[in-house]
Amino acid sequence: MSNALKRRFVEQIKVMFGAEPQKPTLIEERAIEVHQLKRMTNKAELAAAKEAHRAREKNHKWRNIRWATLIFVNLLFVVSYHFDIQLLEGALTASRFAGFHLIDLNSALQVMLAHKHIITNLLIGTGTVLALWILLGGRTFCSWVCPYHFLAEWAEKLHLFLVQKKLVTDTPIDRRWRTVSWVIFALLALITGYTVYESISPTGIVSRALIYSGGVLAMLWVLALLVFEVFFVRRAWCRYACPIGLTYGVVGIVSPLRVKYTLQGCFHEGDCRKVCLVPHVLDTVIKGRAVDTEVPIGPDCTRCGLCVDTCPTGSLKFDIKGLSKLM
Amino acid sequence: MSEDDTPKVGAADTAPPPPQGAPGAKPPLSKERRLQARRRFMRTILLGGGVFGAALSGFLPVAYAQKKRLRPPGALDEKDFLASCIKCGQCVQVCPVNAIKLADLADGFGVGVPYIEAREQACDFSCDAVQCILACPTGALTYKKPAYMSVRPGAKLAEKPILLAKEKDPEPTLNLTERIGVARLTRPESCLAMQGKGFKGQARGPDFKGELRYMSVDRWRPIKVADHPYDVELCDLCVQACPIKGAISLETVFAPDGSQRKTPVVHEPCVGCGVCEMICPTEPASIEVIPGEGWRT
Ligand code: SF4
Ligand code: SF4
Ligand code: SF4
Ligand code: SF4
Numbered sequence: 001m002s003n004a005l006k007r008r009f010v011e012q013i014k015v016m017f018g019a020e021p022q023k024p025t026l027i028e029e030r031a032i033e034v035h036q037l038k039r040m041t042n043k044a045e046l047a048a049a050k051e052a053h054r055a056r057e058k059n060h061k062w063r064n065i066r067w068a069t070l071i072f073v074n075l076l077f078v079v080s081y082h083f084d085i086q087l088l089e090g091a092l093t094a095s096r097f098a099g100f101h102l103i104d105l106n107s108a109l110q111v112m113l114a115h116k117h118i119i120t121n122l123l124i125g126t127g128t129v130l131a132l133w134i135l136l137g138g139r140t141f142c143s144w145v146c147p148y149h150f151l152a153e154w155a156e157k158l159h160l161f162l163v164q165k166k167l168v169t170d171t172p173i174d175r176r177w178r179t180v181s182w183v184i185f186a187l188l189a190l191i192t193g194y195t196v197y198e199s200i201s202p203t204g205i206v207s208r209a210l211i212y213s214g215g216v217l218a219m220l221w222v223l224a225l226l227v228f229e230v231f232f233v234r235r236a237w238c239r240y241a242c243p244i245g246l247t248y249g250v251v252g253i254v255s256p257l258r259v260k261y262t263l264q265g266c267f268h269e270g271d272c273r274k275v276c277l278v279p280h281v282l283d284t285v286i287k288g289r290a291v292d293t294e295v296p297i298g299p300d301c302t303r304c305g306l307c308v309d310t311c312p313t314g315s316l317k318f319d320i321k322g323l324s325k326l327m
Numbered sequence: 001m002s003e004d005d006t007p008k009v010g011a012a013d014t015a016p017p018p019p020q021g022a023p024g025a026k027p028p029l030s031k032e033r034r035l036q037a038r039r040r041f042m043r044t045i046l047l048g049g050g051v052f053g054a055a056l057s058g059f060l061p062v063a064y065a066q067k068k069r070l071r072p073p074g075a076l077d078e079k080d081f082l083a084s085c086i087k088c089g090q091c092v093q094v095c096p097v098n099a100i101k102l103a104d105l106a107d108g109f110g111v112g113v114p115y116i117e118a119r120e121q122a123c124d125f126s127c128d129a130v131q132c133i134l135a136c137p138t139g140a141l142t143y144k145k146p147a148y149m150s151v152r153p154g155a156k157l158a159e160k161p162i163l164l165a166k167e168k169d170p171e172p173t174l175n176l177t178e179r180i181g182v183a184r185l186t187r188p189e190s191c192l193a194m195q196g197k198g199f200k201g202q203a204r205g206p207d208f209k210g211e212l213r214y215m216s217v218d219r220w221r222p223i224k225v226a227d228h229p230y231d232v233e234l235c236d237l238c239v240q241a242c243p244i245k246g247a248i249s250l251e252t253v254f255a256p257d258g259s260q261r262k263t264p265v266v267h268e269p270c271v272g273c274g275v276c277e278m279i280c281p282t283e284p285a286s287i288e289v290i291p292g293e294g295w296r297t
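Quick mapping for you: the protein sequence lines, in order, are chains D and G. Residues in the first sequence are numbered consecutively from 1, following this note's numbering. Residues in the second sequence are numbered consecutively from 1, following this note's numbering.
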């Protein structure tokens, strides 16, 4: 890793906890060259090329694969219970896949803090899940598994439609709030001895509602969240509040699976930033900001692939660290 | 999608980038920007407060829980149970009679926490081995409580309970060391046996959905209580239905006027499963299980 990339790596961790992305102070020589070349390109030519790129058909490859996965996983829970096939028993907070314990990291943490006593099964389940999400990317959980994410994606579509009609505006919130909320809920669990966060976790509520078809009142809270996201703040819960997202984000720091940005062909239209749940991780695509010719996207990225689908030049791609070197 | 080069300020971006191609120092914050920042701060406080309000509204009922609920067998004491349960419902999934339910927001003791409504569907140990404990990943339900956790007075069972259904097996007992409650004849005046009455028909009427395992019908499959009508000279349904050996029997007592009566009497092996409460044909039930209660002599 080049020095500039190392610096960015640390920077991106800060950004995940709520810091604003800064203009880089150190940029690799070869990247500076590319930036300069881009500035020299004829304006009109560039505009024409952009148009041509953008005119191509909309591509939803990754989104479709992702939705299929998300629905499949959640259905597997439902089907396992209702048809008693014992493949994936439990709910998203804790489950058993073909007999193996799987325990959601955030829920496990809450239980450990509240109960102050850890039994082996809990530890095994947490370890398995930790290993799994380290391999798969951390917040990959958010966009590929979390059922609330799916609902919120549709709410977001509605929100964007209303924004376009100028009926609502997105009013962003301070991203540091998520870190604060993580700390407060951890403290609450520790002090009250009760997993307070579970009472409002839309992830758990929706998952249980799907599987056990109960918790109607709790679903009203989830509905309220969605309404809030449609009319006031785009993707409010996942962007600014959800402690689960932050927990998995931390896991993503060491994950080899991520999206990688290649500076060369990028036209800096910023289309990717418009579809991203966490656009602060894509600050690198802003003109002049890439610190190297290839820049991995930070840990807060949910690996949803919307930017990969959207990018007209193929400058954003899924990547597994070290794999290209191996091959 | 807009044709703009510059990512829109305030649209998707929490980090409005400086104008393109303007290298160097940050422009000083304009008045407009400062105002924006202040508004954002206020919104953050508001949303934050809202989320906590919601979280606390889910927690306060737990803190001030008035009504005790029957927990699945093997549950730790209430406070430890609430702390350790991860709300996954694996206990719900394994129960052959679907005795375990998950709480909703208004039930007042935490969203997603399992409980048993014995009158609707009691745990009759149809699973033979307290499967819910086996399923629980966090030890909220446990065969063996950690030594440092205290035992509620009267909760400890003198012996491992013998499951009548398994009485002839090499291992007839249930792996339970503590009871989840105790049955009490809370309404002796309405008890049919006390009045010397018999009972004929479906114990809880034709619409009752509860299930029970009847060894005489099917060793492995519980059937609907409604499909198993009774006809007894003197009501002893609770005694017949109790799955635990020696937990309850019909005894002779003398009423104040000197006449002989029969009454169900609960004994020490009672584990508090609540089957007697479910089967009791009077409305409301004459015998009830008191959640979390200990045995008193
Ligand atoms: S941030 Fe939270 S609610 Fe959103 S997708 Fe991730 S886990 Fe689900
Ligand atoms: S012991 Fe068996 S029958 Fe009773 S609640 Fe648990 S799983 Fe259900
Ligand atoms: S299996 Fe255990 S942790 Fe899961 S809901 Fe039941 S009691 Fe709670
Ligand atoms: S007396 Fe009632 S509560 Fe006690 S073990 Fe028997 S059926 Fe269960």
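There's no promise every hint is true.
To be verified - For lysine-lysine, the following BS3-like pairs were computed, each having C-alpha atoms within a straight-line distance of at most 25 Å:
{"id": "1", "chain 1": "G", "residue 1": "K245", "chain 2": "D", "residue 2": "K116"}
{"id": "2", "chain 1": "G", "residue 1": "K145", "chain 2": "D", "residue 2": "K116"}
{"id": "3", "chain 1": "G", "residue 1": "K145", "chain 2": "G", "residue 2": "K168"}
{"id": "4", "chain 1": "D", "residue 1": "K116", "chain 2": "G", "residue 2": "K68"}
{"id": "5", "chain 1": "G", "residue 1": "K160", "chain 2": "G", "residue 2": "K145"}
{"id": "6", "chain 1": "G", "residue 1": "K68", "chain 2": "G", "residue 2": "K101"}
{"id": "7", "chain 1": "G", "residue 1": "K31", "chain 2": "D", "residue 2": "K23"}
{"id": "8", "chain 1": "D", "residue 1": "K116", "chain 2": "G", "residue 2": "K31"}
{"id": "9", "chain 1": "D", "residue 1": "K116", "chain 2": "G", "residue 2": "K200"}
{"id": "10", "chain 1": "D", "residue 1": "K157", "chain 2": "D", "residue 2": "K116"}
As the list claims (entries may be wrong) - Listed next, with one range per pair, are the computed distances between beta-carbon atoms:
{"id": "11", "chain 1": "D", "residue 1": "V79", "chain 2": "G", "residue 2": "D207", "range": "46 to 52 Å"}
{"id": "12", "chain 1": "G", "residue 1": "N175", "chain 2": "D", "residue 2": "E20", "range": "54 to 60 Å"}
{"id": "13", "chain 1": "G", "residue 1": "L56", "chain 2": "D", "residue 2": "T25", "range": "58 to 64 Å"}
Just so you know, these hints were derived from the structure itself, not from any lab. Each residue gets a CB set at the ideal place from its N, CA and C atoms; glycine is no exception.
Could you work out which of the previously given hints the structure breaks and list their numbers from low to high? 1, 3, 8, 9, 10, 11, 13
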